[in-house]
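Trainee: All chains should be modelled from the sequences, with the hints used to inform the complete structure.
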Amino acid sequence: MKELVEILAKALVDQPDKVVVDLVEKDKSIVIELRVAQEDMGKVIGKQGRIAKAIRMVVKASAARQNKKVIVEIV
Amino acid sequence: MKAVEKTGKTVDDAVSLALKDLGASREEVEVTVLDEPSKGIFGFFGAKMARVMVSLKNGPSQRATNLLKNILRTMQMQVGINANEKDHEIQIDLEGSDLGLLIGRRGETLDSLQYLVNLSVNKNQEVRKKVIIDIEGYRRRREETLQKLALKLAEKAKQRGRNVVLEPMSSQERRIIHTVLQGRDDIYTFSEGEEPCRKIIIAPKK
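Chains A and B, in that order, are what the protein sequence lines are. If you're matching positions, the first sequence starts at 130 in my numbering and goes up one per residue. If you're matching positions, the second sequence starts at 729 in my numbering and goes up one per residue.
Read the hints as simulated data drawn from the structure, not as lab findings. One or more hints might be untrue.
What the hints assert, rightly or not - Only part of the chain A face toward chain B is listed, based on derived beta-carbon distances under 7 Å: (1) Glu132; (2) Ile136; (3) Ala140; (4) Leu141; (5) Ala190.
Unchecked claim - Just the calculated beta-carbon pair ranges, DEER-fashion: (6) A:Asp146 / B:Thr907: 38 to 46 Å; (7) A:Asp146 / B:Arg869: 35 to 43 Å; (8) B:Phe918 / A:Lys182: 20 to 28 Å; (9) A:Glu202 / B:Arg834: 25 to 33 Å; (10) A:Lys147 / B:Glu883: 52 to 60 Å.
Heads up, the beta-carbon is just placed ideally off N, CA and C, and yes, glycines get one too.
Mentor: Take a look at the structure:
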């Protein structure tokens with residue numbers, strides 16, 4: 130799951146080496162925190178969060194396979 | 729860019745060795761011949777092997793396929809990927825079992841995946857290539873469904889003499905409906921609202 134977010138983020142940004150993904154596990158859900166370089170923020174969020182929404186959608190599909198609730202946060 | 733150097737009796741031999749190493753097919757690579765083979769005297773003295781440099785092409789369809797491969801690997805999905813590059817677009821077909829999850833409700837997940845791959849492939853590129861991803865013919869089937877729906881609703885608009893409003897759709901799907909109802913003299917179509925809730929309205933002509 131963490132790897133998926135990492136692959137997606139690295140494919141979108143200009144500075145892939147600055148992509149950091151952390152995983153925080155809570156009772157029923159997993160929170161994935163995505164950090165990118167300041168200049169790359171727009172590339173993972175997009176106009177009106179369109180890119181962020183797409184990332185969440187793909188991650189959600191992947192999580193559904195493992196019956197877990199996953200939240201992707203961009204920090 | 730990944731590249732290997734190989735030697736062989738003939739250029740073809742050397743190339744096929746390199747392809748094996750790279751796990752690529754002939755269309756996916758670029759070949760540079762470094763040394764032409766020569767038989768030498770009596771095919772023995774001074775015989776020279778062919779030496780080639782084979783590097784993986786890093787074209788847009790390659791980048792798209794690689795990205796998809798990586799994504800699907802983390803999802804632990806067994807999927808066949810088939811890319812077909814044309815002038816302005818790259819058509820990618822995914823095949824496998826149990827791919828409904830990847831399509832999502834009304835193709836939402838598929839659209840998201842396609843959107844992300846598009847962004848990545850066209851990142852910092854001068855020439856943009858539109859990437860279209862289809863899963864097990866889903867888009868084709870959906871197109872047929874939308875065409876039928878469009879014709880049915882056009883009939884309804886005509887009979888009732890009133891506007892028929894469709895549910896929100898993506899620009900791709902709206903285009904299918906506009907196209908199928910184009911040039912009719914009884915009804916016309918237009919879109920209203922802002923993305924992502926833009927929807928088509930079929931109106932009777934008076």
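Trainee: Output the numbers, in ascending order, of every earlier hint that fails for this structure.
Mentor: none
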